[in-house]
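*Asks:* Take a look at the letters that make up each chain.
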Amino acid sequence: MYSSVSKGIALLVVISFIGFIPNSTAQEKTAITDKIEFKVQPQQCVTLRQGRDCFATITMQWQKSTEQSLCLYQINKKQTDNKQQLRCWKKSQQGQMILEFESSDNLIYQLRTQQGDQLVAETEVVVSWLHKNTTRRRRWRLF
Amino acid sequence: MLFQKFKRFTLKHLLSSFLIILYFSVATTSYAAQESNNMPNSANSPIVKDTFEWQFMVDLSLVDTQILLTDVEQTELWDYFQLGLLLDMSYKGFFIQTNSRRSSTALGSAEFGYQITVQNDWQLDVILKAYIQGYAPEAIIKDQEKDIPQLAGLSDRNPTGGIALRYSHFFDDAIFYIDVAAARAVADEQGDDASGMIVDSFYSYLLPYRNWDIYLGAGLTYYEQALVDYYIGINADEVSSARPLYKADGGFRGQLEVYAQYPLSQSWSFNAGITQSFYFNDIKKSPLVDKNKLTQLMVGVLYVF
Numbered sequence: 000m001y002s003s004v005s006k007g008i009a010l011l012v013v014i015s016f017i018g019f020i021p022n023s024t025a026q027e028k029t030a031i032t033d034k035i036e037f038k039v040q041p042q043q044c045v046t047l048r049q050g051r052d053c054f055a056t057i058t059m060q061w062q063k064s065t066e067q068s069l070c071l072y073q074i075n076k077k078q079t080d081n082k083q084q085l086r087c088w089k090k091s092q093q094g095q096m097i098l099e100f101e102s103s104d105n106l107i108y109q110l111r112t113q114q115g116d117q118l119v120a121e122t123e124v125v126v127s128w129l130h131k132n133t134t135r136r137r138r139w140r141l142f
Numbered sequence: 000m001l002f003q004k005f006k007r008f009t010l011k012h013l014l015s016s017f018l019i020i021l022y023f024s025v026a027t028t029s030y031a032a033q034e035s036n037n038m039p040n041s042a043n044s045p046i047v048k049d050t051f052e053w054q055f056m057v058d059l060s061l062v063d064t065q066i067l068l069t070d071v072e073q074t075e076l077w078d079y080f081q082l083g084l085l086l087d088m089s090y091k092g093f094f095i096q097t098n099s100r101r102s103s104t105a106l107g108s109a110e111f112g113y114q115i116t117v118q119n120d121w122q123l124d125v126i127l128k129a130y131i132q133g134y135a136p137e138a139i140i141k142d143q144e145k146d147i148p149q150l151a152g153l154s155d156r157n158p159t160g161g162i163a164l165r166y167s168h169f170f171d172d173a174i175f176y177i178d179v180a181a182a183r184a185v186a187d188e189q190g191d192d193a194s195g196m197i198v199d200s201f202y203s204y205l206l207p208y209r210n211w212d213i214y215l216g217a218g219l220t221y222y223e224q225a226l227v228d229y230y231i232g233i234n235a236d237e238v239s240s241a242r243p244l245y246k247a248d249g250g251f252r253g254q255l256e257v258y259a260q261y262p263l264s265q266s267w268s269f270n271a272g273i274t275q276s277f278y279f280n281d282i283k284k285s286p287l288v289d290k291n292k293l294t295q296l297m298v299g300v301l302y303v304f
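Protein sequence lines, in the order shown, are assigned to chains A and B.
Just so you know, we're using numbering that gives the first Met the number 0 here: the first sequence kicks off at 0 and counts up by one.
Just so you know, we're using numbering that gives the first Met the number 0 here: the second sequence kicks off at 0 and counts up by one.
Worth flagging that the hints you see were computed from the coordinates, not collected in a lab.
The structure presented is a predicted model; accordingly, all values stated were derived computationally and were not measured.
Treat the hints with care, since some could be wrong.
[Stated by the list, open to error] Covered stretches of chain B (in silico footprint by chain A; criterion: 3 or more residues with CB under 8 Å from a CB of chain A, positions within the stretch not fixed):
#: 1; segment: 202-216
#: 2; segment: 260-270
[To be verified] Looking from chain A toward chain B, a few residues come up when the C-beta cut is under 7 Å (computed):
#: 3; residue: V45
#: 4; residue: T46
#: 5; residue: L47
#: 6; residue: F54
#: 7; residue: S127
#: 8; residue: L129
#: 9; residue: T133
[To be verified] Below, computed lysine to aspartate or glutamate pairings styled on DMTMM-like, alpha-carbon distance capped at 20 Å:
#: 10; chain 1: A; residue 1: K77; chain 2: A; residue 2: D104
#: 11; chain 1: A; residue 1: K131; chain 2: B; residue 2: D212
#: 12; chain 1: B; residue 1: K283; chain 2: B; residue 2: D248
#: 13; chain 1: A; residue 1: K77; chain 2: A; residue 2: E101
#: 14; chain 1: A; residue 1: K131; chain 2: B; residue 2: D172
#: 15; chain 1: A; residue 1: K76; chain 2: A; residue 2: E121
#: 16; chain 1: B; residue 1: K91; chain 2: B; residue 2: E110
#: 17; chain 1: A; residue 1: K131; chain 2: B; residue 2: D171
#: 18; chain 1: A; residue 1: K82; chain 2: A; residue 2: E121
#: 19; chain 1: A; residue 1: K77; chain 2: A; residue 2: D52
#: 20; chain 1: A; residue 1: K131; chain 2: B; residue 2: E52
#: 21; chain 1: A; residue 1: K34; chain 2: A; residue 2: D116
Positions of the beta carbon are idealized from the N, C-alpha and C atoms, including for glycine.
So that you can see chain B by itself, here it is in the shape it has in the complex (with noise of 0.2 Å):
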């Protein structure tokens, strides 16, 4: 226990130290970035950051999804309709991004962030968003129509939000991008909450093929102990006899992805994408999980304003 403390501890400690040495080492180039907007571009001359730009779109999918909760899967059909909002606009290196690949309601998974630098190969912003999904156990057992013993009288999960600086590297058809992200869930109503760093990274590839885009992509994230434990952990106050006490370690999530985008008109695209995601195995032995891998399919349509 003392051990894990300590090494919270210091790895919460190397996380700000990191975060503030990167921000002050940044902060001259952010500054001649902004300055030198009107030069034209060299090879080394940072490119110019977004001005306003905006596109809002809508989109709806049909979505086969599991999660990794003991016993829950989609029931009804509307479990698989998913109607997303998504808005991205930007003015003078501030920006907020929605995902236009996945399908979300309203602006759940937009990031709000800042361009500290947009160089032509690379760009470090710091950015806002919500990194993990919240649960709540009583909403999930009434839309399973079944008990499920491990899930029933547990507290709420909050949603996990964090600030994150990433970096991005553009490579000529393809994006790798890591975020390095203090993150905290939010306190419940007995003011439980977790906090903890996230390290979660993207390489996507691109490979058009006449009129579509196909993408392919693999992900790696990890996630600190004190989060992990938060989400799938069982502490003294919600142990039953189908929910042993439980403390979870952190860990990582591996990720395979294949989405493809084709144009319909100047307005709708077709979309429709699978990603394979790989937990950690020991995630298993949390009485609230079943699975360490989950499939996920996606298809489409988006309408673009």
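Chain A with its partners taken away, still in its complex shape (with noise of 0.2 Å):
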């Protein structure tokens, strides 16, 4: 039913989508700062369309070496003088969050401390998109 050059076209799409799923899937940031590790994972939240909310669930991990009262903080890029704290670990060497990410706009994490409000790691979601948002309105079918 179909041309061999179609056929040629159509293993090169399975090709490249194979050898495309693990870069888009690995995912993951680390943070390492004054002795620190801060690891978010996935980094990335992709939606389909740009401007719509991205929804993904987020784990977030620190550890250092030393003891430490720490607070997570959320911020949006775009809005960076709100800060919003998601949670705070009294003398803690490690600490784990996995919370749901709800945003249309890239997302920073600090690590802040305590006492003296000092940033002591901080790492970025990412939000992206497949389509752009056109003036277009689709009215598609499938069949």
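These two chains come separately, so use the hints to put the complex back together.
*Replies:* Here it is in structure tokens:
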């Protein structure tokens, strides 16, 4: 039913897809600042269309060689003066938090000292999209 | 026969008049829309027509499909794979768009059009597209690995293209459109062709769930008698022991659809959908047709450049 050219292209698409998957899913960011390891996984949240809220379950982990009281903050990159405290750990060497990410913008996560509000580590979850937000409104059916 | 000819003539006349009246009634609106492109939008002012935009996509799908023709099934492994090269492009109201949900080879499902007017919640386009796919009986028999006497020796049926006025209405999470098309099947080697009216409507409701887009759709399409007869009618030259003379009536097709899309990365998405089509009962009276309900399933991936 299909020409050999079509079959060739189809194979190429399959191969490139299989080759691409590990790159897109293995997203993990590690920030090491002043002997602290701060990991966020996944680092990227992909939505179908630009401007739409993106949803993901994010795991955050930090580990430090010495005990310290730290707080985790979430900051919208477009409103940097508005930081939201998510959780604090008292005199800990490590901490973990699983949170439900929901945003149409990139969000920054910061670990700050409970006393003095000093920045200890920072990482970011990037929101990206498949389709650009255009004026065109789709109306397609399947068959 | 005379009544049918009269009915066809009247319908064509009505359609032509409708298209002309609609064209002139919106022509001034269209001009106004272009003039006010730089004006700020108010509740009643037209919104900006598409500027230059383009998007190219490659789609690979696994498709389990049925077709109306008697005893015709998917046979080879490759019948289940469909590759689509999809292009969307627009400039100053002119556009070409391909169906990004549906797999199809090359640009077979493309629509060429012009936005006559674009308002906040409705739009009127004139479009040119292929409405009905043709079929080649000899090629089908070769592919089926079995004899289908109903199709043996039958002339090819060419695709039907049409020019249509499309009215679209936009809701918050839904879209409704209706095409009123003057359609014509391309003449075959014997010079046989057919023309008639197609009225095609579809309603699609978007149900977002986390990163998924789930679309629930319903459609109703009317095909005029001459077009239905061209595809599933048997004329005197085609009569055989397995294929009596048959003249088909016009009729309707209803469709229900569920389609879902999920982003895998910035370039790839996963797509899946099911469509159930219901054709009018009389269609089974044709010797070429053995079913009037079709279930079609699709699972695939889409790469966006």
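*Asks:* Against each hint, give a clear statement of whether it holds in the structure.
*Replies:* Going through the hints against the structure:
1. For the segment 202-216 of chain B, the stated coverage by chain A is satisfied: 6 residues place a CB nearer than 8 Å to a CB of that chain, which reaches the threshold of 3.
2. Check result for the segment 260-270 of chain B against chain A: holds, 9 residues qualifying (beta carbon to beta carbon below 8 Å, three or more required).
3. Interface restraint check: V45/A against chain B, minimum CB-CB distance 4 Å, threshold 7 Å, status holds.
4. Checking T46/A against chain B: minimum C-beta separation of about 6 Å stays under 7 Å; hint holds.
5. A cut of 7 Å between beta carbons decides the hint on L47/A: the least distance to chain B is about 5 Å, and the hint holds.
6. Hint on F54/A holds. Least Cβ distance to chain B is approximately 4 Å, under the 7 Å limit.
7. Given hint, S127/A at the interface with chain B, holds; its Cβ is 5 Å from that chain's nearest Cβ, closer than 7 Å.
8. With a cut of 7 Å, the hint placing L129/A at the interface with chain B holds, because the nearest CB-to-CB distance is about 5 Å.
9. Satisfaction of the interface hint for T133/A is found here, the shortest Cβ-Cβ separation to chain B being roughly 5 Å, below the 7 Å cut-off.
10. Pair hint K77/A plus D104/A holds up; C-alpha atoms about 8 Å apart against a cutoff of 20 Å.
11. This hinted pair checks out: K131/A and D212/B have alpha carbons roughly 15 Å apart, not beyond 20 Å.
12. Distance hint between K283/B and D248/B is fulfilled; the C-alpha atoms sit about 11 Å from each other, no more than 20 Å.
13. Taking the CA atoms of K77/A and E101/A, the gap is about 15 Å. The hint holds against a cut of 20 Å.
14. At most 20 Å may separate the alpha-carbon atoms for a hinted pair to count; K131/A and D172/B meet this at roughly 18 Å.
15. Between K76/A and E121/A, the direct Cα distance comes to roughly 12 Å. Compliance with the 20 Å bound is thereby established for this hinted pair.
16. Between the alpha carbons of K91/B and E110/B the distance comes to roughly 16 Å, so the proposed pair stays at or under 20 Å and holds.
17. Only pairs whose Cα atoms come within 20 Å are accepted, and K131/A paired with D171/B is accepted, the gap being roughly 19 Å.
18. Simply put, K82/A and E121/A have alpha-carbon atoms about 13 Å apart, close enough for the 20 Å limit, and the pair holds.
19. Our distance criterion of 20 Å between C-alpha atoms is met by K77/A and D52/A, whose separation comes to about 15 Å.
20. Proposed proximity of K131/A and E52/B is supported: the alpha carbons are some 10 Å apart, at most 20 Å.
21. Proximity of K34/A to D116/A is assessed by CA-CA distance (about 18 Å); at most 20 Å being required, the pair is judged to hold.
Comparing the model with each numbered hint stated earlier shows that all of them hold.
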